[in-house]
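Line by line, the protein sequences are chains A and B. Following my numbering, the numbering of the first sequence begins with 9 at its first residue and continues without gaps. Following my numbering, the numbering of the second sequence begins with 90 at its first residue and continues without gaps.
Each statement offered as a hint is correct.
A few chain B positions that, by computed beta-carbon distances, are all more than 10 Å from chain A:
hint, residue
1, Q254
2, L281
3, A380
4, W387
5, L511
6, K513
7, W517
8, R616
9, L648
10, Y672
11, F697
12, E698
Ranges of calculated distance between the beta carbons of each label pair, as one might list FRET restraints:
hint, chain 1, residue 1, chain 2, residue 2, range
13, B, I675, A, L136, 54 to 64 Å
14, B, R147, A, Q94, 50 to 60 Å
15, B, F567, A, I75, 24 to 34 Å
16, A, K274, B, Q673, 29 to 39 Å
17, B, I682, A, T349, 48 to 58 Å
No wet-lab data here; the hints were simulated from the structure. Note that beta-carbon positions come from the ideal geometry of N, C-alpha and C, so glycine has one too.
Chain by chain, the residues run as shown.
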Amino acid sequence: MNSSRRRSTRLWAALLPILAIPLLAACYPDNPQSTFDAVGPVAKSQLNLFYWIFWAAVFVFVVVGGILMWITLRFRRKPGDPDPAQTHGNTPLEIGWTIAPALVLVVIAVPTVLTIFDNLNSPDPDALTIDVVGHQWWFEFRYPHPDGNGDAVVTANELHIPVGEVVNVNLDSKDVLHSFWIPKLAGKVDLVPGNENFMWIQADEPGEYLGQCAEFCGEAHALMKFRVVAESRSEFDAWLTAEAAPAQDPVDPLAQQGKALFEGGKAQCWSCHTVAGSSKSRGQTGPDLTHVWNRGHIAAGVIENNQRNLRQWIEDPQSIKQGTIMFRDAKIYSDPERKLTDADVAALVAYLQTLK
Amino acid sequence: MTTLSIPVPSRPVHPTGVWGWITTIDHKRIGILYGVTAFIMFITGGLEALYMRAQLARPDQELVSPEVFNQLFTMHATTMIFLAIMPMGAAFFNYIIPLQIGARDVAFPRLNAFSYWTFLGGALILKLSWFFGGAPNAGWFGYAPITGIQYNPGHGIDFWAMSLQVLGIASLAAAFNFIVTIINMRAPGMSLMRMPLFTWMTLITSFLLVLAFPVITVALIELMFDRFFGMNFFVPAKGANPLLWQHLFWIFGHPEVYILILPAMGIVSEIIPTFSKKPLFGYPVVVLSGAVIGFMGWMVWSHHMFTVGLGPVANSVFALTTMAIAVPTGVKIFNWMGTMWGGSISFKTPMLFALGFIWLFIIGGLSGVMHSSAASDAQQQDTYFVVAHIHYVLFGGSIMALLAGTYYWFPKVTGRMMNETLGKINFWLVFISMNITFFPMHFIGLDGMPRRIYRYSSEYGWDFWNLVASIGAFALAFAILVFMINVIRSAMKGEKASADPWDGRTLEWSIPSPTPEYNFAQIPTVRGIDPFWAQKRERVPVAPVAGGSGEDDAHSIHLPQPSYWPFLASIGLFIGAYGLVYYQSIVGMTAGILGLALTIVSVYAWSFEPVNDPEEEH
Ligand SMILES: [Cu+2]
Ligand SMILES: [Cu+2]
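Could you build all of it, start to finish, from the sequences and the hints given here?
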């Protein structure tokens, strides 16, 4: 009886490490925000550190859990058992199991500290530096002007970076806290109003990476996303030059009508949006729309950018993003006299489609 | 008191029924009130969680609006932490501590009643916000500046802040009471190093409460000043640094998590020796590690702020202190294992829950160590991985231990045993469904799902595990239902319990079940740890105190009389705090002033009220 009990005990203990395998299999690196598919040095160092600690934890769990399992099976009460010996402790043993976890911790503490310093100190302070500004509920990105004239090239929700290069990122917020997180490229750093933060990122492979605000920031926090487009240096330079150019005046009459609406009339889009090249549109509340038609998505990564969706966004932004400031504050949605007609919306969309 | 001519009914003598409960100052009844209220709050917090899990079961659902979802997670966490787990701890402190130290009541029985009623007032202020004025919506740690009037013009945050202030008063009063009780009211011979472990953990928890709550009180006052009077403690546009709030909150908040877990560890440290029939292994080390945890709990707060940009030096320091705190925690686990080693372990329901606690706490502890590594935590912070971690330590830890404690001490409270079969079913249901609910959250967290999002779309690949977690949550609700059925059934017609159903080791098992009103007919004298075990096995008598109390019998024991004043003082606080939320209206301001006046008058009257009215003969 005793030996069979022992065998079953050993069997149980042997099963424990096997439990760790489905643990990792349950995560899917293919997922667009999986931290297991690290594509840049920062995310990679964080993933390596994670694995290191994870296996240390599995080791501890297996040893401690195995012993715990063994004890509970081995020392079950049997009918007629006498009182066990009333041992009160064992000093060497207790010293031993105080030191043992401390040693395990040293094993994870050293790489932790090294990685902390690596991740927060840029390997190349002179590299491209982008300012990220959080807004309820979208991201503003500001690039240095390619002419080096000190101006900023402003865009939103779609961050272009040259692949394989260090990119420095300064982080700030216009309103509440947000957090800047691209799981495949780097762990998050918060956007704290009035408290500029710093991080650096690098994408080792070209492609599109999803990012998301990770600090609760109010009603539409769940829908505050963005994309990172990592492209070759030449593609990036071309993109930045195009972004730096002011918007062209529309030639199509419908679009011209849209521009007129945008910059005056009842729509009042100009009061919140900037369109470089327009003398009127200088608003700061919403994203810069100078080249909005070039962006893949609108409303902070929530829907694709196409004619239909632009239409829906202007008609009823609330249906796409509940809580959005555009719906809350733009008069066209609260003042029946200013309500846009279908023709107005069509004109505005036509205008936006020229902003490329 | 004839000098005081306030038109209130004369002092209650031996009230019965509801009136008896309202005026009671008996620590046992107050303990039961705490327990029942906290459990009801636990149910409400659970329903809030179910609502969220229903919304998140499938991608892109629209069961709730984002605004309501934000209120749900804020209320769920605030409820579970402040209205469920903390007062459940208080329920056990109240009922058990005097029994474990051989006392007839706590040091300040009326203050004790005041603590309870004030807690209830604070709880109502928070919970009623669902029905009037809107619930708070900024998360349980209410990070500035989103709690500011500019971003949050409704009354939800005001209710939240006022409620926490009132709850803070309740907690402080209770903590002082237990510190004095434990230090001053121990039976003769019970030196500090002979105190049961649960009493020790209560003492440490009470000190943490006394030191931690003032910090959040100050922070909340600053927040209220910002909101009410346009001050700028947390307004970045006026040059404030919103991180101030985070520092203050977590200097309170991290000790707070030990306030939630140390009582649980105390309960487990009682149950494991009893059901192994061995004394706690390494008693002094377990006590010391509890104290070290309590102490080091003050040095780790910024591990909640690894991503706010404190810089590599601060992040490294807080990573290291946080890792270090795993050592005393591990020591406790090893000592529990040492206790069981060579023991004669009986797997009654309390022991099952205690073992469940250890397993789940190991997992929660290990994921905590993962978080402590600031660099890799940048990927986990504010994701579902943290949500998994906190539920392993707070559900797997605190709640499991509180359930264990309920099964353990139920016979002492009611005089009846809880049903063992239902208990075992209950344990396995809780244990399995808890893992189904919370384990998958590790996966979706590492797969990039942030916490506090009211919806997600399918392309992210989080559908499957979210569905599993939601199914687990409903199964967990069912498991809690089984617990309720068992409690109610057993209280009504459970098997009659003997005085010492588990072959216990501490003093509470030496007196009849249910506990008589006066607890101990004779105050015992203590000669070591586990005095009752020693009396049973080694025939060391738990002798009555020298000096005549040997003649004590049930009729000649003086117990303090019931009183209205604590209840009235608490009502005043409730009305006052509620009124102040609406300070801009005449009605609100009047209510605020009248309420606080009622509190002051009541406290004044109470302080002149003798413990026993001389005119009243028992
Ligand atoms: Cu956010
Ligand atoms: Cu903490």
